[in-house]
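Asks: Listed below, chain by chain, are the residues.
2 protein chains.
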Amino acid sequence: MGILKGNAVVGQSGGPTAAINATLSGVIRGALWAKGEGYVDKLYGMRNGIEGFLDERIVDLTEIFSSEKKLKTLEATPAAALGSCRKKMKSPDADPDTYERLLEIFKKYDIRYFFYIGGNDSMDTVSKLSAYAKNHDYEIRVVGVPKTVDNDLMATDHTPGFGSAAKYVATTVKELLRDVSVYTLKAVTIVEIMGRDAGWLTAASALPALSGGMAPDLIYLPERVFDKEAFLASVREALDDHPAVLVAVSEGIRYADGTYVGASGTARDAFGHVQLSGAGKVLEWLVKDEIGCKVRSIELNLPQRAAAHILSKTDIDESVSVGMGAVKLATEGKTGIMMTIVREAGDEYVSSVGYAEISAIANAVRQVPDEYINEASNGITDAGLKYLAPLILGEVDIEFEAGLPKHIII
Amino acid sequence: MGILKGNAVVGQSGGPTAAINATLSGVIRGALWAKGEGYVDKLYGMRNGIEGFLDERIVDLTEIFSSEKKLKTLEATPAAALGSCRKKMKSPDADPDTYERLLEIFKKYDIRYFFYIGGNDSMDTVSKLSAYAKNHDYEIRVVGVPKTVDNDLMATDHTPGFGSAAKYVATTVKELLRDVSVYTLKAVTIVEIMGRDAGWLTAASALPALSGGMAPDLIYLPERVFDKEAFLASVREALDDHPAVLVAVSEGIRYADGTYVGASGTARDAFGHVQLSGAGKVLEWLVKDEIGCKVRSIELNLPQRAAAHILSKTDIDESVSVGMGAVKLATEGKTGIMMTIVREAGDEYVSSVGYAEISAIANAVRQVPDEYINEASNGITDAGLKYLAPLILGEVDIEFEAGLPKHIII
Numbered sequence: 001m002g003i004l005k006g007n008a009v010v011g012q013s014g015g016p017t018a019a020i021n022a023t024l025s026g027v028i029r030g031a032l033w034a035k036g037e038g039y040v041d042k043l044y045g046m047r048n049g050i051e052g053f054l055d056e057r058i059v060d061l062t063e064i065f066s067s068e069k070k071l072k073t074l075e076a077t078p079a080a081a082l083g084s085c086r087k088k089m090k091s092p093d094a095d096p097d098t099y100e101r102l103l104e105i106f107k108k109y110d111i112r113y114f115f116y117i118g119g120n121d122s123m124d125t126v127s128k129l130s131a132y133a134k135n136h137d138y139e140i141r142v143v144g145v146p147k148t149v150d151n152d153l154m155a156t157d158h159t160p161g162f163g164s165a166a167k168y169v170a171t172t173v174k175e176l177l178r179d180v181s182v183y184t185l186k187a188v189t190i191v192e193i194m195g196r197d198a199g200w201l202t203a204a205s206a207l208p209a210l211s212g213g214m215a216p217d218l219i220y221l222p223e224r225v226f227d228k229e230a231f232l233a234s235v236r237e238a239l240d241d242h243p244a245v246l247v248a249v250s251e252g253i254r255y256a257d258g259t260y261v262g263a264s265g266t267a268r269d270a271f272g273h274v275q276l277s278g279a280g281k282v283l284e285w286l287v288k289d290e291i292g293c294k295v296r297s298i299e300l301n302l303p304q305r306a307a308a309h310i311l312s313k314t315d316i317d318e319s320v321s322v323g324m325g326a327v328k329l330a331t332e333g334k335t336g337i338m339m340t341i342v343r344e345a346g347d348e349y350v351s352s353v354g355y356a357e358i359s360a361i362a363n364a365v366r367q368v369p370d371e372y373i374n375e376a377s378n379g380i381t382d383a384g385l386k387y388l389a390p391l392i393l394g395e396v397d398i399e400f401e402a403g404l405p406k407h408i409i410i
Numbered sequence: 001m002g003i004l005k006g007n008a009v010v011g012q013s014g015g016p017t018a019a020i021n022a023t024l025s026g027v028i029r030g031a032l033w034a035k036g037e038g039y040v041d042k043l044y045g046m047r048n049g050i051e052g053f054l055d056e057r058i059v060d061l062t063e064i065f066s067s068e069k070k071l072k073t074l075e076a077t078p079a080a081a082l083g084s085c086r087k088k089m090k091s092p093d094a095d096p097d098t099y100e101r102l103l104e105i106f107k108k109y110d111i112r113y114f115f116y117i118g119g120n121d122s123m124d125t126v127s128k129l130s131a132y133a134k135n136h137d138y139e140i141r142v143v144g145v146p147k148t149v150d151n152d153l154m155a156t157d158h159t160p161g162f163g164s165a166a167k168y169v170a171t172t173v174k175e176l177l178r179d180v181s182v183y184t185l186k187a188v189t190i191v192e193i194m195g196r197d198a199g200w201l202t203a204a205s206a207l208p209a210l211s212g213g214m215a216p217d218l219i220y221l222p223e224r225v226f227d228k229e230a231f232l233a234s235v236r237e238a239l240d241d242h243p244a245v246l247v248a249v250s251e252g253i254r255y256a257d258g259t260y261v262g263a264s265g266t267a268r269d270a271f272g273h274v275q276l277s278g279a280g281k282v283l284e285w286l287v288k289d290e291i292g293c294k295v296r297s298i299e300l301n302l303p304q305r306a307a308a309h310i311l312s313k314t315d316i317d318e319s320v321s322v323g324m325g326a327v328k329l330a331t332e333g334k335t336g337i338m339m340t341i342v343r344e345a346g347d348e349y350v351s352s353v354g355y356a357e358i359s360a361i362a363n364a365v366r367q368v369p370d371e372y373i374n375e376a377s378n379g380i381t382d383a384g385l386k387y388l389a390p391l392i393l394g395e396v397d398i399e400f401e402a403g404l405p406k407h408i409i410i
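Chains A and B supply the protein sequences, listed in that same order. So the first sequence is numbered by the working numbering: it starts at 1 and just counts up by one. So the second sequence is numbered by the working numbering: it starts at 1 and just counts up by one.
Only chain A is shown next, with the shape it has when bound in the complex (with noise of 0.2 angstroms):
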């Protein structure tokens, strides 16, 4: 394949982690990179994803992050700093207007290189895309970069964000373990873990056992059935052991009959009206009633996928990997592919970039596997705090301003 020389242009889609801006200055040094190779002059960055894109909001970012310091705060930036949207593209069959626009937008600015970060949703934007410029004769090279901090990604052994998000539960649960085991009194805290579908982030909290020995005394997860008489006879269990009893589940953890925890505590508010509460508040509510000891429920809720103060290094620095071998990848001709980040074989933890076909990879969810959750199905197995632990690894430092972490914003 030629030289193809050109613009390019990178966006941000689907739900916000603390990493995702960590792989959009990867693209960015990939683009100064592939400017001074004479491939690419221009890096736009689209607002708010393909949604903007089709308004022509876009910025020109290589002006923008002229200096490393720059692009060192972006990393350690929370969110999307170009904006994000919620956008999943139907088939240019079904809707042919997007399809042109697109394609008109791509020829008025000479788009070449089309990055998007995002999900499982942008990976079929991508895919779609990739097809339909092959099909018009439009030669432009479509490159897909993953983040989610639910790590459920097919084709690859983590995703960018998983790793930040996983330190800052298993951060937040190491001090809450402190917390709740001041008094003498009997007590149940439960945790509520972001996850509808996989329960990685829940399994994360698991990780305060290699740092100190503390960890929750039950955790479980979307992966296995939740059996109510089990749970409550698990937690009289370690309550005849210790007073303070620490629970993690996650918020996708589902009875036999398939119906979520957290739906089947429906409650009334004030107003009459229907209102879902989550798994956690659920399971309070079930101890309140069934054991009657002390006991609270906390939702970890947004933070989970915010706190950019509390990175993990490897994360980032995988992050940044990532966004730099799609530039790499897609002026080497690459187009239609996902990038992946490989854990080599080995007992030291060691990681490189890899990539996948789009096509290749269905609109699957990547589970916790079997070997990494216990028996009794309420715990993690040693093989899966090992395939955990190093992707915390790390702190990165952090830029502060009036006390607060600095961000910037585009």
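A couple of the hints might just be wrong.
The list treats identical chains as one, so a pair stands whether inside a single copy or across any two.
Simulated crosslink set (DMTMM-like; lysine to aspartate or glutamate; CA at most 25 angstroms straight-line) [what the hints assert, rightly or not]:
no.: 1; residue 1: 288; residue 2: 137
no.: 2; residue 1: 107; residue 2: 257
no.: 3; residue 1: 406; residue 2: 395
no.: 4; residue 1: 313; residue 2: 401
no.: 5; residue 1: 87; residue 2: 241
no.: 6; residue 1: 313; residue 2: 397
no.: 7; residue 1: 313; residue 2: 110
no.: 8; residue 1: 294; residue 2: 357
no.: 9; residue 1: 69; residue 2: 395
no.: 10; residue 1: 294; residue 2: 197
no.: 11; residue 1: 69; residue 2: 397
no.: 12; residue 1: 72; residue 2: 100
These are calculated hints, taken from the structure and not from any lab test. Since we're looking at a predicted model, the values are computed, not measured.
With chain A held as given, fit chain B onto it using these hints.
Replies: Only chain B this time, still in chain A's reference frame:
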């Protein structure tokens, strides 16, 4: 007053904070100094406060903390390393046995210095104990060292523990502001912050304004009556201006009739039991019902007081200083006092360690003063920001182990 020689004991009481162990470290540092000066031989730590002390559950801290490194780790360990209790002491008349038992233990271990780190109840314990010992001709110096993330104690400019909790709240709110602003869709996010009777921590959510400009659109404290209609009008106005609206509320906000906003949203669970909701959840329901846009609520919950991974250096330094100061003043003959932090006059922030006679401190709550709250009762003034800003300054170097902050377990 002459030199008093003997042993010392220190305890922690009430709800933990991220800085209560820094104060413990200060007391240990003070005891090591006092040992060198010949005042104190051993410093005992009581497990689970006065409750454990009554069972003689004590440890020798002068032996455990022989190295500077261990003290540094202790200063970054959240919660109460010695354990805590919630015991409210009755008067000697009402419960003579307890006081006689205490005197017995004092004599048995030759305790001449008694340091108690805690909130209002702990200061009450200090006051009663100091008076009782005096009336029974047992020479002992009893000093209270305050702590609370609520910052609501009288006589001190602010409380040890508040600055770190405020830094965590402001950091988290700053990160959430980035997170919720990525979409173009209109959405309201309500963040519920600790503070039953005083809104200090909630006020700290305004601090991101000093580092980057973004801040919550609306802030509601328990110091002002919460008006539902005014709230809805303000949210609507903010939504007209920009899509992502963030509201910070204290858990303790109340309607004009004195009922808690939280309690007013009582819901019934699947079993028909009445369940209390938080103020944030009730406002979430209100916005959903009355405005109808996307809305979510986030309760920051226990991590506010447990997050030792993002400490305020100012807070930790001061927390250590009041602990050391307590020992110093006790050796000088002071008893029945509570340590305080004094803010020196002048534009630059300078603080020093002070004290107040405990008998002079009413069991009153120190609320956020009028001049810190805006006229519309939904925001913080520049004067408020000026008071808060220095308390979150500086970061503490945290030691990590297996990717997580290292804690010490006594």
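Asks: Now tell me if each hint is right for this structure.
Replies: Structure-based check of all given hints:
| no. | hint | result |
| --- | --- | --- |
| 1 | 288 - 137 | neither (65 angstroms within a copy, 48 angstroms between copies) |
| 2 | 107 - 257 | neither (52 angstroms within a copy, 64 angstroms between copies) |
| 3 | 406 - 395 | both (16 angstroms within a copy, 13 angstroms between copies) |
| 4 | 313 - 401 | both (21 angstroms within a copy, 14 angstroms between copies) |
| 5 | 87 - 241 | between (50 angstroms within a copy, 23 angstroms between copies) |
| 6 | 313 - 397 | both (9 angstroms within a copy, 16 angstroms between copies) |
| 7 | 313 - 110 | neither (36 angstroms within a copy, 51 angstroms between copies) |
| 8 | 294 - 357 | neither (52 angstroms within a copy, 36 angstroms between copies) |
| 9 | 69 - 395 | both (18 angstroms within a copy, 20 angstroms between copies) |
| 10 | 294 - 197 | between (30 angstroms within a copy, 23 angstroms between copies) |
| 11 | 69 - 397 | both (12 angstroms within a copy, 22 angstroms between copies) |
| 12 | 72 - 100 | neither (37 angstroms within a copy, 63 angstroms between copies) |
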